[in-house]
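K.L.:
From first to last, the protein sequence lines stand for chains A and B.
Each number in my numbering comes from the position in the first sequence (counting from 1) with 50 added on.
Each number in my numbering comes from the position in the second sequence (counting from 1) with 23 added on.
No lab work stands behind these hints: they were computed from the structure.
Yeah, the Cβ is synthetic: ideal placement off N, Cα and C, and Gly gets one too.
Wrong hints could be hidden among the right ones.
Cβ-Cβ distance ranges computed for the label pairs, FRET-style [said to hold, decoys possible]: (1) A:123 - B:175: 39 to 45 Å; (2) A:214 - B:299: 30 to 36 Å; (3) B:276 - A:182: 35 to 41 Å; (4) A:229 - B:468: 31 to 37 Å; (5) A:72 - B:297: 57 to 63 Å; (6) B:436 - A:245: 43 to 49 Å.
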Amino acid sequence: MNVSVPVVTLKIDGKDVSGRADETILDLARENKIHIPTLCFLEGLSGWGACRLCLVEIKGVNKLLPACVTRVAQGMEVSTTSERLQKYRRMIVQMLFSERNHVCSVCVSNGHCELQNLAVKLQITHIDIPYRYPTLPFDSSHDLFRLDHNRCILCTRCVRVCDEIEGAHTWDVSGRGVDSRVIIDLNQPWADSQTCTGCGKCVSICPTGALTRKGTGVAEMEKDIDFLPYLTRMRGSHR
Amino acid sequence: MTAEELDQIAEEERESTRKCRHRLHVCMAAGCLSLHSDQVKSSLEAQVKASGLESECRVKGVGCMGLCSAGPLVSVSSQDVTYKEVTPEDAPEIVQGLQAAKAVERLRCPTDVPFFTRQKRIVLENCGAIDPERIEEYIAADGYAALHKALATMTGAQTVEQVSRSGLRGRGGAGYPTGLKWGMVSKASGATKYVICNADEGDPGAFMDRSVLESDPHRVLEGMAIAAYAVGASQGYIYVRAEYPLAVKRLKTAIRQAERLGVLGNSIFGTPLNFKIDIRLGAGAFVCGEETALIASIEGLRGQPRPRPPFPAEAGLWDAPTLINNVETFANIPPIIRNGGDWYASIGTAKSKGTKTFALAGKINNTGLIEVPMGITLRDIIYDIGGGIPDGKKFKAVQTGGPSGGCIPEQFLDMPVDYDSLSKVGSIMGSGGMIIMDETSSMVDVARFFMEFCMSESCGKCVPCRVGTVHMHDLLRKIIERKASARDLALLEELCDMVKSTSLCGLGQSAPNPVLTTLRYFRHEYDELLVQDDGAGATGVAQSAKETVP
């Protein structure tokens, strides 16, 4: 660990907090029990900054910045709960619901889904944006796991955990825009993958019902993401 | 290579030019080439040979002369005349005209018109005058003299100082002060630094950078080498889109020639400066024009942006400090170093210095490439230089800045063209595409076109841009199909605000601009297409959920 990193003090939602200059706003907020919603972020994986739910306002900066990848600085004044931010967060979650086919009532992750929990927390009761209802495939070729594109929110946690922790880089993203898909190897069925070790880390950290264990019924797919900080710690200073 | 050798090459080249009484310049840039100017050139060559004029007449291919709508263009130096719409069959008449010292009036393209006289050419000074495939011609036009001047008489810091004094701002669109950026990279700590030229010009209707690369590639190489000296880099990359095969070919030729003469490579001009330039081809993604996505693409990763900060000046290509500028920015550097920053700063307005190239397209008589001093009015560009709107139609709007810009209506035609004025009316300078629309254009359809572009070019990384552009496009289509109500329009405006404020990179942050400006100036066109509300109640996304979080 680099010992020369200075310690800084700043304000988050009016509260005085102190931290190391190499910490992110999200790190410090969590340390100080200030809740900032996240989806693509996962402790132990590299920052991605793509779901835009952790956007915060910083005094003197005219753009909203993602708390998960923005480093703290001396004298910063961060606001995490303004009305404007709440509105955008609700709209973004609605965007995700409208993008693909998230039907909670028949989903194996019902009740254990981060997207669903977030919607509950943001008190989203219904969606005004028209649903897109795209026709999407799923891959049940693997003996143990299943990939259902209908539930995928493209957070790329699976891509990052496979690359950064497992070291296999089985997952990646193909296509662009709304046609983006997570793919296995060179867009092959999961069972044919030459690189997948079958470790199941991707399934454990998937926030929704996109990656699940086979043999689970509705609402039976409970996930375990607690292994990740431990693994990261054991690997030392991996980044 | 020494200064004496450089002078010698220049002198020999000028001498051989002087020997030729007649010089025929045939435009060989993409616009005229598509009209078979290569056949015109070979036909002229054959005719010159047949007439026995080989010793005193030289036919050479040059870069873009600007007035693309009148191509293929041929200019004759001895008669000071330019011919337009030349066909291979016209060759005998043109060559006979040379012998008789009489121009072919039938083909004459008037050059005393505002299109030519009102331009101020700095970036384009050699375009249409030199053969882009011969380094000797560039050297004869004072080429690489600025690089030598910087290396021989200035320190890196003094070079940055001159660029700062010039007031040059990034020509890629955002207008970040170039000197400031150079200063940041030169001061950034790191043994390895990179210089990148962004030639991933992708705005619909924009072709300035392509023309510069096709017409005067050495100017960009020289600008990059000066930048490398100023910031302390030894490797450069030109990221150019693969859809520009001619530009790529000429760049490759130019790099090879520059390395052969020792103005690129190791120990440039006998100094410790080593600088090598490699070309990287884009694979057809618009978002790779965004600097962090471009860097990812050069690294061999998926071309998608990452959050800034850190900015590339601090941690760019392979995490090293990286200077990334656009083609036109680098093309401005040699004249700035040659003539000094103060000379450049004397052109233009208080906050926007120098000149800017624009590609005129759409409903305008003189389609083509122009360079004008900053601060000229839109009216001068469109009516004077551009020759007005064809078929006696009425002007409606001009779109600047491509899909990130906005539509500017008639009431702002007398506004000066500079970075700040354009952003004040909701548009941006952009890279220089100017699309002119007449009264027959539907502004809602224009907004839909650009939204479709952003939707299909979104990389898919962040949610607001990936999903928001799709919904905005669907709503615009619904409005055009006369199926939308006032509620839909309100939803569209909410989405515009959200996508603009929350997207990760410039593509998403500016994607709503065409909608926002058309709504601002042509709202009645939207209103006319709306149908009665079905009265279902709710008014928008945000209101549907409760306003507080426990």
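K.L.:
Give a verdict on every hint.
P.N.:
Cross-check of the supplied hints:
| no. | hint | verdict |
| --- | --- | --- |
| 1 | A:123 - B:175: 39 to 45 Å | holds (42 Å) |
| 2 | A:214 - B:299: 30 to 36 Å | holds (33 Å) |
| 3 | B:276 - A:182: 35 to 41 Å | violated (48 Å) |
| 4 | A:229 - B:468: 31 to 37 Å | violated (24 Å) |
| 5 | A:72 - B:297: 57 to 63 Å | violated (34 Å) |
| 6 | B:436 - A:245: 43 to 49 Å | violated (60 Å) |
Of the hints listed earlier, those the structure fails to meet are numbers 3, 4, 5, 6, in rising order.
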